[in-house]
Amino acid sequence: MSYLAQRLLIAILLVFLVSFASFAVLMLLPGDPVRLMLGTEAPPHLVEELRAQYGLDRPWLLQYADWLAGAVSGNLGESFIYKMPVTQIIVDRLPMTLSLTIFASLMALLIALPLGIWAAVKRGSWVDGFIQAVVQIWIAIPNFWLGILLLLGFTVMIPLFPPGNFVPISEGLGAHLHSLFLPALTLAIAEAAVLIRMFRASLVEVLNKDFMTFAHTKGLPTRKKYIRYALRNSLIGPITVIGLQVMSLISGVIIIEQIFNLPGLGRLLLIAVQQRDLFLLQGLVIFITVTVILVNLCVDLLYTRIDPRIQLHATKRRTT
Amino acid sequence: MSSNPPLIEVKGLSKSFALPRPVLWKPAQALQVLRDIHLTIQEGEIVGLVGESGSGKSTLGECIGGLQTAPPGTIKFRGTALEQLQGAGLKEYQRSVQYVFQDPVETLNPRYTVEQIIAEPIRAAGLVKQPKDIREAVEQLLQDVGLDAAYMKSRPAQLSGGQCQRVAIARALSTKPALLICDEAVSALDLSVQATILNLLGELRRKYRISQLFISHDLHVVKYLADRVAVIHQGTIVESGHTEHVFKHPEHAYTQSLISSAL
Amino acid sequence: MKTLITGTVMLSVIVIMLLISWIDLPSDPNAMNIANRFAPPSGEHWLGTDQYGRDILSRLLLASQSALTVSLGGVGSGMLIGCILGAVAGYMKGLIGSVIMRAMDVLFAFPNLLLALMLVTVLGTGQVNVLLAIAVFSVPSFARLMYGFVLEAQSYGYIKAARSYNAGHAVILFRHLIPAALPRIGVQMSLALGSGILTETALSFLGLGVQPPHPSWGGMLNEAQSFMYLAPAYPLIPGFVIFLAVAGFNLLGDGIAARHKEAVS
Amino acid sequence: MLEIQDLSLELYVDKTWKPALRPLTFRLEPGEITGIIGESGSGKSLLAKALMNILPARARVASGSIRLHGTELLSLPRHRFRSVYGRQLAYIFQNPAGALNPLMRIGDQLLDALLAHEEVPRKEAVRRALKALEEVGISDPERVFRAYPHEISGGMKQRAVIACAVIHEPDLLIADEATTALDATIRKQILDLFLVLSKKKRMSILYISHDIAAVQYVADKIMVLYGGMLLETGARGDVLDRPLHPYTADLLQAVPYHVKPGTKLAGIPGNVPPITAKPPGCIYAPRCGYATERCKEDLPPMVVAEDPSTAADKIPHTHACFHPLLRDSLGKETHLNTNPSSPEGRERYVQQPAAH
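Protein chains in written order, with our numbering: chain A, 1 to 320; chain B, 1 to 263; chain C, 1 to 265; chain D, 1 to 356.
FYI, nobody ran anything at the bench for these hints, they're computed from the structure. We put the beta carbon where it would ideally sit given N, CA and C, even for glycine. Treat each hint with caution, since some may be false.
What the hints assert, rightly or not - Below are the DMTMM-like pairs computed for lysine to aspartate or glutamate, each with C-alpha atoms no more than 20 Å apart in a straight line:
id: 1; chain 1: A; residue 1: Lys-209; chain 2: D; residue 2: Asp-176
id: 2; chain 1: C; residue 1: Lys-261; chain 2: A; residue 2: Glu-205
id: 3; chain 1: A; residue 1: Lys-209; chain 2: D; residue 2: Glu-177
id: 4; chain 1: D; residue 1: Lys-278; chain 2: D; residue 2: Glu-297
id: 5; chain 1: A; residue 1: Lys-225; chain 2: D; residue 2: Glu-119
id: 6; chain 1: C; residue 1: Lys-2; chain 2: A; residue 2: Asp-128
id: 7; chain 1: A; residue 1: Lys-224; chain 2: D; residue 2: Glu-118
id: 8; chain 1: C; residue 1: Lys-2; chain 2: D; residue 2: Asp-14
id: 9; chain 1: A; residue 1: Lys-209; chain 2: D; residue 2: Asp-108
id: 10; chain 1: D; residue 1: Lys-264; chain 2: B; residue 2: Glu-244
id: 11; chain 1: C; residue 1: Lys-261; chain 2: D; residue 2: Asp-14
id: 12; chain 1: D; residue 1: Lys-264; chain 2: B; residue 2: Asp-218
id: 13; chain 1: C; residue 1: Lys-160; chain 2: B; residue 2: Asp-103
id: 14; chain 1: A; residue 1: Lys-224; chain 2: D; residue 2: Asp-108
id: 15; chain 1: D; residue 1: Lys-188; chain 2: B; residue 2: Asp-218
id: 16; chain 1: D; residue 1: Lys-264; chain 2: B; residue 2: Asp-144
id: 17; chain 1: D; residue 1: Lys-264; chain 2: B; residue 2: Glu-203
id: 18; chain 1: D; residue 1: Lys-264; chain 2: B; residue 2: Asp-227
id: 19; chain 1: D; residue 1: Lys-49; chain 2: A; residue 2: Asp-210
id: 20; chain 1: C; residue 1: Lys-261; chain 2: B; residue 2: Glu-106
id: 21; chain 1: C; residue 1: Lys-160; chain 2: B; residue 2: Glu-92
id: 22; chain 1: A; residue 1: Lys-225; chain 2: D; residue 2: Glu-118
As the list claims (entries may be wrong) - Just some of the chain D residues that point at chain B, by a computed CB distance under 7 Å:
id: 23; residue: Glu-39
id: 24; residue: Ser-40
id: 25; residue: Ala-184
id: 26; residue: Lys-188
id: 27; residue: Ala-213
id: 28; residue: Ala-214
id: 29; residue: Leu-251
id: 30; residue: Leu-252
id: 31; residue: Asn-271
id: 32; residue: Thr-276
Just chain A, with the same shape it has in the complex (with noise of 0.2 Å):
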C-alpha cells in the first residue's frame, strides 16, 4: 500500500513539473499569440485589450498560479482559437481518439500474436526466418507513407472505404468501425511489426529455457506446455514495454489523424501547435503526460500481479 502512495506521490510531482516547464517554456516563447489572432494590423488598444482578458500582460509565474489553481478543479484554462474551455475541448475530441488507439491496438495484437508465436514455436525454419525478414523490411515503412498508399488503394482504385468521412459513434458502431478502420489499419501495422518482433523474440527466449525443457520431460501435453508454462512467462517482456508502445501510438495519432482528416487529439495538437494555441497546448501536453504516467503505473501494478518475484514494495522494477 505505501508502494502505491509513493508511486501517486511521484506520479502528481511529475506532473507538476512538466506542467510548470511546458508552461514556462510556452511562455517564453517568441511571437505574440494575440498578434497571432488578430493579426499584424490589429489596433493596438484591441491587442491590450485582449491581453488583459486573457490576463496575459501579469508575469508568467502568477499566470502560472491562476493555471495551476484552476487545474487542480479541472478547469485548463481558455483556447483563443476556439473561445471554449480547453477541457471540454478535449473531452469532445477524445473519444474518436480512443475509438481509434483501441481498435488500432486490437488489430496489431490480433496481428502481431500469432505470427510472433508462428515465428518462434517454428525457430530456424523458413517460415521464422521469412517472418523475420518481412517484419525487418516492414518495421522501416514510415506510417505517413502507408496511410497515404492504403488511402490511394482503398479510396482511389479499389474504393472499399470512403474516404474523409468520420462517423461518430453515436451513429451507429458498424459505420464508426468502418469509418475508421482505414486509419486504424494503418497505425495496427506500423505497431504490429514491432511487436512480432517482441512476442518472438521474448517466446524464443522463454522456448530455451530449463524449465521448458523439464515440462516436456514430465511428459506434459503440449497445450498445457505451451499455454501454462511458455506463454505466460513470454508475456512478462512485452507487457514492460507496453508503457513506451503507448508512446509510439501517441505519435503515430497525431499523423495519422492528419492525413485521415480525423477530428481527433492529434490533429487538436496540430492545430494548436501552428496556432500557437498556449492554453490548448498546455493543457494537451498535460493530458498526454496524466496519461502516460497512469498508462505506466498500470502497467507495474499489472506486472507485478503477474510475476511473483516482483514485490510491490521493490523500489526498482525490473527494465528490459
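With chain A fixed as given, assemble chains B, C and D onto it according to the hints.
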C-alpha cells in the same frame, strides 16, 4: 612469527551494503555481509578461505585488495592501515596485492594481445620503463607461468581456459606482488588443467615467497594448497587454524558439517 | 550477414543521392513550369514533374541533404551528450547518478513526436530546430545504454584487475571501457539514425521542418497527398526514398548487432 | 533394461555435420547407479540428451540403437515419447532454479507432473504430491507446496525438481551435473537421496558429472568419457582404484582429493580437445605419456581386461587402450616407474601454440 608486522592484518572488519529503500520515507536497510572478521596473512604464507556461496568470502578478498572500502583501521598492510597509505606507500601496496579471478576468459580484455595484457600493469607500476625491457619482462613472466613466448601476440579468444588463467597469473605477477588474492581461481577449469595451475601457484610460493589468499568453495583444493585455513559462514569466520589441524579436529559445528559432507 | 549487406546497399543508394546533389543536379529543383505539371517520366524528367512542373528527381536529390545532415547532426550530438551523461551516472552511483537517470526516464517516457512538436513550437520551424529536437530525444537512449554498460563492466574481471593494479582512470576509460562499448554504441547509433530520419520527414510532412519552396522528402510527400487523386504515382516516390533510408539504417544496426554477437560467442 | 548399442552422435559445426560422440555401447540395470565422468567437451551431456531424445537442433544421432525394455526409442515417433517421459525416463538439470517455472507454485508444477499420466481426483493428487515432497527429504512439504520457486533455497529447489521427476517412479533417472551448482553440504544430501532412490525404489540412475568425488560416492559402475570417446568402464572399485586407461589414471593423479597435501599433483599437459576433434588414433594420445606411434594412427578398440581382479566381478572392466596399465599383485601400477614422462618431466612441459 617474527617481530615484523604481518603482510596483511584484518582486525574487526564488518561490512554491509545498503539495500535500496523499500519506500522513500522509510529508512534504508543494510545487508550485513561481513561481521567482525579477524585474519592475518604472513609473508610467504598461503591462507585458504573456505565458504559456500553468499558467505562473504569474495567481499573479504575485495576489501583486502582495495576493490571495496573497509572501515578505517580494520585492514593493515605491513602494519599501516590502508586508508593511511599515501604516495610511495600506497603505490607499494597497490603493486603488492594482485588478483586472480575465477572466470579465466572474462578476466582478460578480449581486444588485447597477451603482451598488452601483461605489459599494462608493468607500465602502471612504473617498474620498468623502456619498451624493450618491458617486452623482456613479459617474456620472462610467460616463461614463469609455463607459456611459450610465441603466445605474446595471441588474443584471449585463441587460448584455452587453462592458458588464459596462466596469462592472468602472469599479469598478476608482473608487478612483483607480495600477495595474490585467488578468488576461485581454479574452479572454472577442467580437472586435468586444474592440477597444473595449482602446481604453478604452489611453485610461486616456493620460488618467490608470494603469499596467497586462496578463496574457494572446494575443500580438497584448499586442503591441498593452504598452510592455514579460515572457514567463513554467513559473514563470520567461524574457525581458523593450521590446515591439517582444522581438517582433523574441526571445532565449530559448521566446519564439522562442511568436512563431513566432503566426499 | 545478409542483413548487413542489404542495409549497406540500401544506404549506398541514399549516399549516392547525397553525393550527386552536392556535385550537380539534373535540373533546377525550383524551376516551375505550370504547363508541364504532373508530367510522366521522360528523358528530361526521369521521375516526372510535380504540381508546379518542377523536376521531382532534382528535388528528391536536393532534399537528401537536409534529411541526412539534420538526422546525422541530431543523433550525433544526442549520442555525445547521452553517452557522457550515462557514463557519469554510472560512475557516480549516488545522488547525481540517480538524478540524471530519473531525468532520462522522464524524457524517455515522452512521445518522440510530441517532444519534437513542442520544441519546434518554441523555437520555430527550420532545420536547426529539427536537429535540436532529434538530439533531445536521442539523448536518453544513449544515456541508458552507456549507464547500463558502465554498471555491467564494473564486474568484468579485466576491469577489476585493472583497478587492482591501479591502471588509472584514463587507461580504464579509454583503453578498456570505450573500445568495449563502441559496437553497442554503433548499433544504437544506426537504429537512432533510422528514427532520426523518420522524425525529420514526419516534421517536414506536417509542415514544421524545412520550409517550402525548399524541397524535403516529407514535404514532397505532403504535397503528393494533396494531389494524389490527380497523380496517384507521385506519393510512391518520396515515400520509397524515406523507406529506403530508414530501412537501410535499421538493417545496418541489426547487422552490426548480429555480427557482434557472433564474434562474442 | 536400457541397452545402448553403437550409439554415435554428430554436431553441426561450420555448416557440416561432424562426428562428435564415437560409437559406444553399454547397458543400464535397475537399482544401479552408473556414473559418467567427463571433463568439458567429453560429450557427457550430449549423451544424456540423446537418451532423452531432447538433443539441441545442432546435434543428431548418427547411428546406433537405444532400446528401453526392448523397445527401440530411436524409431519411436515424437508424440509417443510423452508416455515414456516421467514414467520410464526422467531427467534433471544442473541448475535447479532454471528447471522450475518461476511463475507457478511448486505444488502446481508437481501436480502437472503427476496428472500428466494419471487421472487422479484433486484431493488425492495433492496428497500424493505432498508425499512425494516428503520422500525427497523436504521436512515441511505443505509450505514448499505453496511456495514459488524464488521463495525456497537452491537445495530445496533441486529436491522439488527431483520430486517432479520421480513422482511416477521412472525406470531411469538421468542426473546431468545435478549437484554441481549446489553447496557442499547440500550436495551430499542430494547424493544420499539418489542412493535411497536407487536402492529402495530399484531405480536406475545415470549420474553425469565432472566431479570425481561425487561419482565415487554414488556410482556402482563408472564410465570415463573423454573428447567424445568412451575410454574405460567398469565397477567403481575397478575403475577408480585400479584404472587401466592412462587417462583415468592421470586424471586421478590430478585431483587434490586423491593426493596427499604436500605431494605434487600430476597435472596433465596440454588442453582438453574439442569434441569434434577426431584424430585417426586414440583421442588421448597427444597428452598421454605412454603413447606410441600406433596410438596416434590406429583407434584402440574397447576390450575387456584380462585383469584377474575383475574376473569374479559381474561388471566387466573394459578399456580402449593399446597399452593398459599393468599391475603387480598388490594392485600397484608397475608402468609408472618406467614412465618416460614422469610427473616431474611433465611439469617442465611448456605449452606451445599450435602451428597455424
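The hints, checked one at a time:
no.: 1; hint: Lys-209/A / Asp-176/D; result: holds (16 Å)
no.: 2; hint: Lys-261/C / Glu-205/A; result: holds (16 Å)
no.: 3; hint: Lys-209/A / Glu-177/D; result: holds (17 Å)
no.: 4; hint: Lys-278/D / Glu-297/D; result: holds (12 Å)
no.: 5; hint: Lys-225/A / Glu-119/D; result: holds (18 Å)
no.: 6; hint: Lys-2/C / Asp-128/A; result: holds (15 Å)
no.: 7; hint: Lys-224/A / Glu-118/D; result: holds (15 Å)
no.: 8; hint: Lys-2/C / Asp-14/D; result: holds (17 Å)
no.: 9; hint: Lys-209/A / Asp-108/D; result: holds (19 Å)
no.: 10; hint: Lys-264/D / Glu-244/B; result: holds (17 Å)
no.: 11; hint: Lys-261/C / Asp-14/D; result: holds (16 Å)
no.: 12; hint: Lys-264/D / Asp-218/B; result: holds (18 Å)
no.: 13; hint: Lys-160/C / Asp-103/B; result: holds (12 Å)
no.: 14; hint: Lys-224/A / Asp-108/D; result: holds (12 Å)
no.: 15; hint: Lys-188/D / Asp-218/B; result: holds (13 Å)
no.: 16; hint: Lys-264/D / Asp-144/B; result: holds (18 Å)
no.: 17; hint: Lys-264/D / Glu-203/B; result: holds (10 Å)
no.: 18; hint: Lys-264/D / Asp-227/B; result: holds (15 Å)
no.: 19; hint: Lys-49/D / Asp-210/A; result: holds (12 Å)
no.: 20; hint: Lys-261/C / Glu-106/B; result: holds (15 Å)
no.: 21; hint: Lys-160/C / Glu-92/B; result: holds (18 Å)
no.: 22; hint: Lys-225/A / Glu-118/D; result: holds (17 Å)
no.: 23; hint: Glu-39; result: holds (4 Å)
no.: 24; hint: Ser-40; result: holds (6 Å)
no.: 25; hint: Ala-184; result: holds (5 Å)
no.: 26; hint: Lys-188; result: holds (4 Å)
no.: 27; hint: Ala-213; result: holds (4 Å)
no.: 28; hint: Ala-214; result: holds (6 Å)
no.: 29; hint: Leu-251; result: holds (6 Å)
no.: 30; hint: Leu-252; result: violated (10 Å)
no.: 31; hint: Asn-271; result: holds (4 Å)
no.: 32; hint: Thr-276; result: violated (15 Å)
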